[in-house]
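Under our numbering, the residue at position 34 of the sequence shown is numbered 34, and the numbers go up by one with no gaps.
Hints in this document: simulated from the structure, not taken from any laboratory.
Some clues are possibly wrong.
[What the hints assert, rightly or not] For lysine-lysine, the following DSS-like pairs were computed, each having C-alpha atoms within a straight-line distance of at most 27 Å:
#1 Lys485 / Lys275
#2 Lys485 / Lys290
#3 Lys275 / Lys290
#4 Lys97 / Lys68
#5 Lys347 / Lys381
#6 Lys81 / Lys153
#7 Lys475 / Lys290
#8 Lys485 / Lys475
#9 Lys81 / Lys169
#10 Lys96 / Lys68
#11 Lys97 / Lys153
#12 Lys275 / Lys476
#13 Lys475 / Lys275
#14 Lys499 / Lys476
[Unchecked claim] Beta-carbon label-pair distances, calculated as ranges:
#15 Arg435 / Glu300: 27 to 33 Å
#16 Thr496 / Thr139: 53 to 59 Å
#17 Arg266 / Glu20: 51 to 57 Å
#18 Arg76 / Thr496: 58 to 64 Å
#19 Asp486 / Thr139: 51 to 57 Å
#20 Glu300 / Glu355: 35 to 41 Å
#21 Lys153 / Leu491: 50 to 56 Å
#22 Gly460 / Leu491: 21 to 27 Å
Note that CB positions come from ideal geometry on N, CA and C, so glycine has one too.
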Amino acid sequence: MPQRRQALRSPAEEFQRLSEVLARYAVHNPRVGFTLRKQGDAQPALRTPVASSRSENIRIIYGAAISKELLEFSHRDEVYKFEAECLITQVNYSAKKCQMLLFINQRLVESTALRTSVDSIYATYLPRGHHPFVYMSLTLPPQNLDVNVHPTKHEVHFLYQEEIVDSIKQQVEARLLGSNATRTFYKQLRLPGAPDLDETQLADKTQRIYPKEMVRTDSTEQKLDKFLAPLVKSDSGVSSSSSQEASRLPEESFRVTAAKKSREVRLSSVLDMRKRVERQCSVQLRSTLKNLVYVGCVDERRALFQHETRLYMCNTRSFSEELFYQRMIYEFQNCSEITISPPLPLKELLILSLESEAAGWTPEDGDKAELADGAADILLKKAPIMREYFGLRISEDGMLESLPSLLHQHRPCVAHLPVYLLRLATEVDWEQETRCFETFCRETARFYAQLDWREGATAGFSRWTMEHVLFPAFKKYLLPPPRIKDQIYELTNLPTLYKVFERC
Numbered sequence: 001m002p003q004r005r006q007a008l009r010s011p012a013e014e015f016q017r018l019s020e021v022l023a024r025y026a027v028h029n030p031r032v033g034f035t036l037r038k039q040g041d042a043q044p045a046l047r048t049p050v051a052s053s054r055s056e057n058i059r060i061i062y063g064a065a066i067s068k069e070l071l072e073f074s075h076r077d078e079v080y081k082f083e084a085e086c087l088i089t090q091v092n093y094s095a096k097k098c099q100m101l102l103f104i105n106q107r108l109v110e111s112t113a114l115r116t117s118v119d120s121i122y123a124t125y126l127p128r129g130h131h132p133f134v135y136m137s138l139t140l141p142p143q144n145l146d147v148n149v150h151p152t153k154h155e156v157h158f159l160y161q162e163e164i165v166d167s168i169k170q171q172v173e174a175r176l177l178g179s180n181a182t183r184t185f186y187k188q189l190r191l192p193g194a195p196d197l198d199e200t201q202l203a204d205k206t207q208r209i210y211p212k213e214m215v216r217t218d219s220t221e222q223k224l225d226k227f228l229a230p231l232v233k234s235d236s237g238v239s240s241s242s243s244q245e246a247s248r249l250p251e252e253s254f255r256v257t258a259a260k261k262s263r264e265v266r267l268s269s270v271l272d273m274r275k276r277v278e279r280q281c282s283v284q285l286r287s288t289l290k291n292l293v294y295v296g297c298v299d300e301r302r303a304l305f306q307h308e309t310r311l312y313m314c315n316t317r318s319f320s321e322e323l324f325y326q327r328m329i330y331e332f333q334n335c336s337e338i339t340i341s342p343p344l345p346l347k348e349l350l351i352l353s354l355e356s357e358a359a360g361w362t363p364e365d366g367d368k369a370e371l372a373d374g375a376a377d378i379l380l381k382k383a384p385i386m387r388e389y390f391g392l393r394i395s396e397d398g399m400l401e402s403l404p405s406l407l408h409q410h411r412p413c414v415a416h417l418p419v420y421l422l423r424l425a426t427e428v429d430w431e432q433e434t435r436c437f438e439t440f441c442r443e444t445a446r447f448y449a450q451l452d453w454r455e456g457a458t459a460g461f462s463r464w465t466m467e468h469v470l471f472p473a474f475k476k477y478l479l480p481p482p483r484i485k486d487q488i489y490e491l492t493n494l495p496t497l498y499k500v501f502e503r504c
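Using the sequences and the accompanying hints, generate a full structural model.
As structure tokens, this is what we get:
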């Protein structure tokens, strides 16, 4: 350790070396997002997005001048058992320093033979003292690789090295020969009164971003909490209403079953519903939702999020209802299913719903058992429609077997299930096709938008669901209609805060 500390000399040099290594691994692993921030700095020194591409990460890290001149190719050799993935610059690009990113079997290494070979190819096309940018990833049989040729194991040799290097050299030469058909040459032309180019570039670099206008968040960042969902201990049942004591639902378990095969929707009524959603989508709101950063949960109906320099509060219930309504439309005939095991008796659930305050039952409405029988008959008659189009299964003997699964890791609150089934029987227009699908999707969206906010583990799980399931779904799926703008309230913004506090 003392020798290593002495070799690095200063924290700045250590940070520079870390940056170089991280930049190379960011290019090699474009599916992973990398962020490097120096301690004490507000802005990261390096950041790449998740699910990017190698050429895009090269543009972010090394500049557009390199990325726009890249030639991408891959090569597989069955004789010497190796594969190569390469990104090399065309002959229009050159730099004073050779930048070669070499990975062999997913390790960042150096190969003098390979570097010399590539330099010799480009020497034919580039001026003296100028070099290309090269990225190569080789996959070799592990037994053919010798990593013990250098104390740091940074330099490697491999079996059939001359033959493999020669094979790669031929592939690079073939690509450059094709790209050499067109060359770009620049001639300086300065108009009278035009500003000096160097001065213009210097002014652009020194242009300040004022603190009150600086965006300090990144909508693409993820938290580790996303992968640490809180455990929820299941009770022996769930009360149908938090305001009155009711019978308990039987203990159940849930298992999501994916749709067997995607089916094309041809019903004009459903296609019209989709077109209406897309036609009414607010482009401005969609842009805001797509780039929002979740801040926190206020209560069961409200949450905070940030967009650029503005802080907003939104009605998450309204957002969720619209989201699940749209998911029902776009997953029509292709819904995954939440299998309920053991199945739940439909009639008992309907009686349970009539005992809750949400049903609004009065003695003048009639006997609860008779009302439950009537509602059960309606749902049994319409069971084929619900099973075929929405993934809601009710058996012939009146047992609820499954519910539609609309979002990954989202499960509807069972406490509201009885009232949901009752409303399917009473509020859905089963006579007219378009109205039937419209009202069924609305009632289902209303049910799925309600989370379990009882004290304890379930409330913690609901907060986790809101942050890591619902809000990512808002960003990815929701096509917000203009009316949802009334459910968003701007609380403050950074320029206003700077006027009050003169700092932030």
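To see whether the hints hold, each was checked on the structure:
no. : hint                        : result
1   : Lys485 / Lys275             : holds (20 Å)
2   : Lys485 / Lys290             : holds (15 Å)
3   : Lys275 / Lys290             : holds (20 Å)
4   : Lys97 / Lys68               : holds (18 Å)
5   : Lys347 / Lys381             : holds (14 Å)
6   : Lys81 / Lys153              : holds (23 Å)
7   : Lys475 / Lys290             : holds (4 Å)
8   : Lys485 / Lys475             : holds (15 Å)
9   : Lys81 / Lys169              : holds (16 Å)
10  : Lys96 / Lys68               : holds (18 Å)
11  : Lys97 / Lys153              : holds (23 Å)
12  : Lys275 / Lys476             : holds (18 Å)
13  : Lys475 / Lys275             : holds (20 Å)
14  : Lys499 / Lys476             : violated (35 Å)
15  : Arg435 / Glu300: 27 to 33 Å : holds (30 Å)
16  : Thr496 / Thr139: 53 to 59 Å : holds (55 Å)
17  : Arg266 / Glu20: 51 to 57 Å  : holds (56 Å)
18  : Arg76 / Thr496: 58 to 64 Å  : holds (59 Å)
19  : Asp486 / Thr139: 51 to 57 Å : holds (56 Å)
20  : Glu300 / Glu355: 35 to 41 Å : violated (23 Å)
21  : Lys153 / Leu491: 50 to 56 Å : holds (55 Å)
22  : Gly460 / Leu491: 21 to 27 Å : holds (25 Å)
Consistency note: the structure conflicts with the earlier hints numbered 14 and 20.
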